[in-house]
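Input sequences plus hints: build the corresponding full structure.
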Amino acid sequence: MSNPPSNTVRGLGRWSDCLNALGLLGISGILWFAFVWQIFLHELPCPLCLLQRVAFVMVGLGLLLNVCFGSRPAHYGIAVVSALAGMVSSARQVLLHIAPGDPGYGSPFLGMHFYTWALVAFFALAVYLGGLLMIDGMKLREAADTPRKAGWLGRLAGISFLLVLVLNVLSTLVECGFGACPDNPTDYLWLPG
Amino acid sequence: MVIDHWDFSRHHPKFESDVPIGLLLMVMMLPFLTALVSAWYCWRGSRRAAMGWWVVTTLIYVAWCFYHMTDPLKISL
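First to last, the protein sequences are chains A and B.
Letter by letter, the first sequence follows residues 0 to 192 in numbering that gives the first Met the number 0.
Letter by letter, the second sequence follows residues 0 to 76 in numbering that gives the first Met the number 0.
Think of the hints as simulated: they come from the structure by calculation, not from any bench.
Positions of the beta carbon are idealized from the N, C-alpha and C atoms, including for glycine.
Some hints could be false.
Claimed, not checked - Example chain A residues on the side facing chain B (calculated, C-beta under 8 Å, incomplete):
1) V56
2) C67
3) P72
4) A73
5) A84
6) M86
7) L162
8) N167
See below:
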């Protein structure tokens, strides 16, 4: 009976590339959904909502690094720290509206406001990343500084992520201009009333 | 230009004297822009630059957290 080559990743670890790309695709999906909601329901994101979007993007950067360079502890660290940062801003907004009778900010989706969903999503992402760290056979892979060609799922996730990020830059610029956003925005600063 | 959106003293007496770096950080689209730069470097194969721009994004994020999260919560119990 022959032993497998030492550089072969076995078990669940061989799925880690796919799971990283799926995670990035999920984050892109969250950002796309929020952006479509913003455009079609004309509900402008508040500053804390924008901070939560930034945190999702920051988590996505960690996963994009994994997709583009192969998984490494530093990339997972980036994603986990970013998820924790997102939990801070979303929990803060949940606390802002926790008093009885407070209608909350924006329309609810499936019974919860977006900032509550964001808190759930950041927690779920942290758990997901922890699980990925446990199964990932990253020690057996090639050096991280060498870029590699991502698979079709990785390319799809990366392009979707880059595109929604560009749209977020533009929409935030149109909404807030070169300044801070008002606490309760009702109109885009750079669009005629 | 909407000047009152740049007023640091709205919640924070400690920010009464505006400083240029603070003004720069208060541009809401800035963390999106730095994150886009990071993602672009990552996509183009520059790992160190991508991670460096992620750090810049995180620093701006923390500055925004201080700005938006250090006023008293209006919770009536």
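- prompt: Against which earlier hints does the structure fall short, listed by number upward?
  reply: 3, 6, 7
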